[in-house]
Amino acid sequence: MEPQSVTQGQLFKLFALHLFSTMIAFMLNIMLQSSGYNAPAGIMSGAILGLAFSFISYKLAMRRPDSFFIDYGRHILGKWLHYPLLLFIALSNLMIAIINIWELQDVLTQFYLVGTPSWAIASLCGICIAYTVRFGVKSVFRAAEGLFFISLLSFLIIPVVVSENFEWFSGKGMITQFSLREMWPSAYYTSSVFGEMSFVLFIFPFLQSPAKTFRSLTSSMIVSSVVVILHVVPLLLIFGPELASNLNFPELELLRFMRSGSFLETLDPALIALWLISIFVKLGFIVFIISLILARSCRLKDTKPFVFPITAFIAIGSLVVVKSNIQFKSMMSGGMLTMFVIAELIPVLYYLVDSIQIKYASRKRASSP
Amino acid sequence: MIMILIVYLTIGIAELRYLRREKRKKRTFVILIVSLTLLLLLSEVLYAVRTSFQISVWIEALFGPIDSWLIDG
Amino acid sequence: MRAKDNPMPVFANGDDGYPDTSNLEPRLEWFRSQLAHCSDIVIHPFTIGTGTACSLIYIRELFDYHDAEEHLLKPLIKECSSWNNDLSPLFVEHRLPSAGCRTLTAPSASMDWVLDGCGLLLIDGDSRMLGLSQTKFEKRAIMEAPNESVIRGPREAFVENLDTNLTLIRRRIRSRHLKIEQMTFGTKTRTSVVLIYLDDICPDSLVKEMKRRLACIDVDGVLGSNYLEEAIVDNPSSPFPQIQYTERPDTVSASVLEGRISVMVNNTPIALIAPVHFFTLLQSAEDYYQPFIAATWIRWIRFVFLTTSLLLPSFYIAITTFHPEMIPYSLLISVSSSREVVPFPALMEALMMEIAFEALREASVRIPKSIGQAVSIIGALIIGTAAVQAGIVSAAMVIIVSLTGIASFIIPSFDLGLSFRLLRFPMMLLAGIFGIFGIACGLIIIYVHMLNLQSFGTPYLSPIAPQVAGSFKDTLVRAPWWKMKRRPPTADAANRIRQKSGLRSWAEHSGEGED
Amino acid sequence: MSLLPKLWKIAILLCIPAMVTGCWSSVELNNRAFVNLVIVDQTDSGVELTLGIPLTNRLIPGFTGGTGEGGGQEPIAYVTRTGATLEEALQKIQGDIPRDVTFGQTHSIILGSRLAKQGIAPILEFVERNPLLRLNTNLFMVEGPVKSKVARMPSSFERFLASVLNGYIRNDQILSTTVKDMMYSEASGGDGLIPMLSFKTVDPSAKAGSPGGVGTAGAAILRKGKMVTNVLSPEETSSARLVLGQLKRYIYSAPSPTDGRNVGFYTSSLRTEIRPFRTRQGLGVTISSYSDAGIIASDSDIDLRKQQNIELLEKEINRIANKSLMEMIAKTRKSGADVFNFGHYLSVQYPKEWKTIQQDWRAYYKDRLEVRVDSVISLRRLGSSTDSFHNKLKVDEKEGDERTWNLSP
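Chains as they are written, first to last, in my numbering: chain A, 10 to 378; chain B, 4 to 76; chain C, -7 to 507; chain D, 42 to 450.
Extracted from the complex, chain A is given alone in its bound form (with noise of 0.2 Å):
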């Protein structure tokens, strides 16, 4: 593959994007309802939290910064342990993708293309993704390097346009109201979200300066968190904690109260648009983790065969995951991210046994020159 070939900057914009499109195209409503004025603060200490998975799995790789932990993970947990976690971590990324396929193709049948069936909507999908994915990984990140801009612009407008009908006032509640109770389940969803930087463990080989990594980072996480406060506080804003946990797409229900200019009624269906569009670069990354475990594993060198059945997979597996929309929304909250937190701890486990055979071997050195 084409070793030293995502830059930083490339690698910072990827993240950032990866990190705030479906925080804010899907999850806030699991924020506020599980703990209303306190989301934004469980936010910011989530964002933190997944910061800290991410820290460790960026120690463990710079350790070995030039081979893919695809290959080295084999002598630290040994044969045996290592290819079932892998295959875990593979899976829970293809639930992260099958997920927010069905995301979309929920939102989109149910306010904008009513009649569509949802197999059309996933195919579709499925082959951007695919297409975007099956040049490699450097047209991944090359994607997201051209959109970074345009999305966030997109995502800056909104709170600045429905800005006039804000009850400033209710902005306290956020202090006199502040529980950590109340704050830890948002702040746990949320680490699971932002946990999904700790897989740049995966595509180490492929940075150039991976030193700098932890700093890219960690600038992904502040704009997506900033970006995401600022959608989550408007929501706070306008509808009051209680009405904004009732609603099952607060992002939709924030951006129709803008109050209807004289050229454009609402501005939704576009702004929706381009959603997409970052959602699609986020899951082209995760394709493009899956082929790689799938391919590697088997010791091969190009992942590029795998990306089209993974992405068949995912796009039919959407279509399957679940029977109704209550049924996702329990299952949401039901654990299906503590899947996603486990195999983000994942590379904790690796980290830790490493250091201690690191430990073990040079006391061992120490020991018997």
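Bear in mind the hints are in silico, worked out from the structure with no lab data behind them. It is possible that part of the hints are untrue.
[Stated by the list, open to error] Below, computed lysine to aspartate or glutamate pairings styled on DMTMM-like, alpha-carbon distance capped at 20 Å:
#, chain 1, residue 1, chain 2, residue 2
1, A, 181, D, 342
2, A, 338, B, 75
3, D, 393, A, 191
Keep in mind that this is a model prediction, so the values were computed, not measured.
Starting from the known structure of chain A, fit chains B, C and D onto it as the hints suggest.
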């Protein structure tokens, strides 16, 4: 059901032709064909039982208790 | 032409029957047999000096016979009387005043020499032949560029003759480093192709790559630059142009100064320039001759109309059929009432109108000038008011189609406009089926395709997608001249500085006196 | 890399069958019936739903034949159906209209007073749940049977009644209550003020062209989604709009403190701050509304050049404004409806105390809550002349004491 088969067949043909043109080792062909059939079987099974069984049932069963313990515990 | 037969000086007999003697008659006989049925070939026998027979072979009207007679034959006849009919010095010491004479021995080389429009002098008793290179034929005068006209800036355009084109370039770049390498292509046509580059600025890898790609062209005829273009392009199946072509010498010299390489083919007024990326195709020569504020403004208009030409009809279909809540109320009422009588769905109507517009445009190009004017007027009438009156098409659609039609012409490079016009149809299909979501997916696919397109090593969206610091200056914005200190990334890495100190350094120091 | 041409071909191949499958959810523009006005009323036989749908085929521009404007005949159709619930009525309407009813363009809902008395919760629920209806849809109220009034109302300024209502909202001439304001918080859910519309029916005897039509008239108080008996008068509604900061242009007159003659003012409210405070007795709320005022007519001889006179006038206007605000709030408190969402402000500022009084908040609002009003109206502009007409030109001397000029030398 047939649509899934058609999709996997077209992908298989395209990928095999790509591998042949890139003149890869035989082992790569075998791996690709095995993984393709595995994915095809899995998606056919999942599609067949989609009304009675969903993936989310397993996930809630496996990770539900941990999640509730962490959130409410 | 791959030199099939290596020109060995020895008389290779059997070179398809060339008589291996030094006397004139059999050789003339061979030439006559080779050039039978060519009415424009002239074989002019005469004798010189004390009776040695010679003959001159040339193509009428292609070889400057009068000049040759004046400068060549008269002195020859006068001269050789003193040589007591030993004409060997003729070949050796170039006693003849006219330049470009060559002694030829191999029959095929001499045949090519005649076919190139030069004269051939055969002398009895001497197997060597003298080639005379006075060619003179009608050439088109240098006129104004028809396609890329410019308000303020040079108006000269290339002509068919390669040598005149090279003079146009050489007059602009008077530098030792300007290299012009000549090659010939096409077994039958033997057209001469020229590579133009500045060897200190243009990266050597690019020159080697270009030569490598050109070397494997072995075709019988190269009549236009497009033959070469499709052979050396990276991804032939992509609708986007990967090589820039122009007919303006100042564009060629500007790109050569930027470290790019240009390919010019004889008998075509179009020069190819490689490598190119998306944003250079959006720049017209005009941008560099106008003040930079106006140029930047026009460039933004180009971007806007670029997206309009691609997206306007599909947005019209998507918004009217999928998301009517996006249209302001009063506009919605007027649009829906104007669509009341129209029998077709929006997608069908849009496709019909677009295809009609394409047909109209193609017809107005192909029809001879005299009645071309009529077609465009009738076309506009038929498609415009009559269709709306008859209720086949809604008024809004006519406006949209004509706007997109104009928009696709605003793109300076005609090829890019063509590819966007082509891409508009799949976008309309996607918009008709999936609405704005379909448009988003279509845009993604086009964007990713352009991302991974390369033209001679430089990525197609290079200043934006793989971000190159500081190169925004010439893409989204045309920075003023005194800001453009460095050459674009295509230039050789070592030699990137274009101008030493800022052009406006006189302005900075004016304030010394005051406190 | 040369798999790409195949992808290109596959993509094109995919497009062609896709065309055959037809467009699933694309509905032609003239296959849709755009609802611009929803009117809901309660009748004996159930919920009566009326949808105002513009008839685009009567509005074809430049269409020579056909009815065109139809001479005064409004190009809108009010389709009315009655059903046990709102949804059933909607289904009946959809069943009868050949086009697909879409709510994308609905900005206002008119409610009948009889329905309001029974409770508008099902309407709010319908708007919140329907994906196309927006949370900032405005609510209006009409006394008595709605449909007959709306149907007979010829609109003179705008083509559709809905555009008239949009105009009111755009120019802030009416109290704007959106669905969101009614569902803002649990404690005061369903409480709010809904502006009333009055319809001046055209009496046939009057000569043609006399503009009948719609006007604004007071506001109805709703408690838990049900309309209570007393209604706010137009003046009280304007003071309510002052509290909500929506009073953009309001013209009124007040007696001048010096000689009691009339001075005309116009005010436009800048902003309103509602700040809760805590005293030993319990919680309270201060409403301070800042607005600008200007004099448009002065009949009194008050000298407007002196600053203290201006301050005198300001004190006078503030006193009047405070008095009307207190009366209006007392009226709403008497009906026990927290129309201005004071509960939300208390819950934000004092969460602990709020938990205790949350259950019976309306009773607390009715009796114990202390409300202080402090309106700050600053008089900034005198208009384009300073002294009043009477003052300057001495026109109002009494008739008797004029000198008489006798003609004899």
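query = Any hints this thing doesn't respect? Which numbers, in order?
reply = 1
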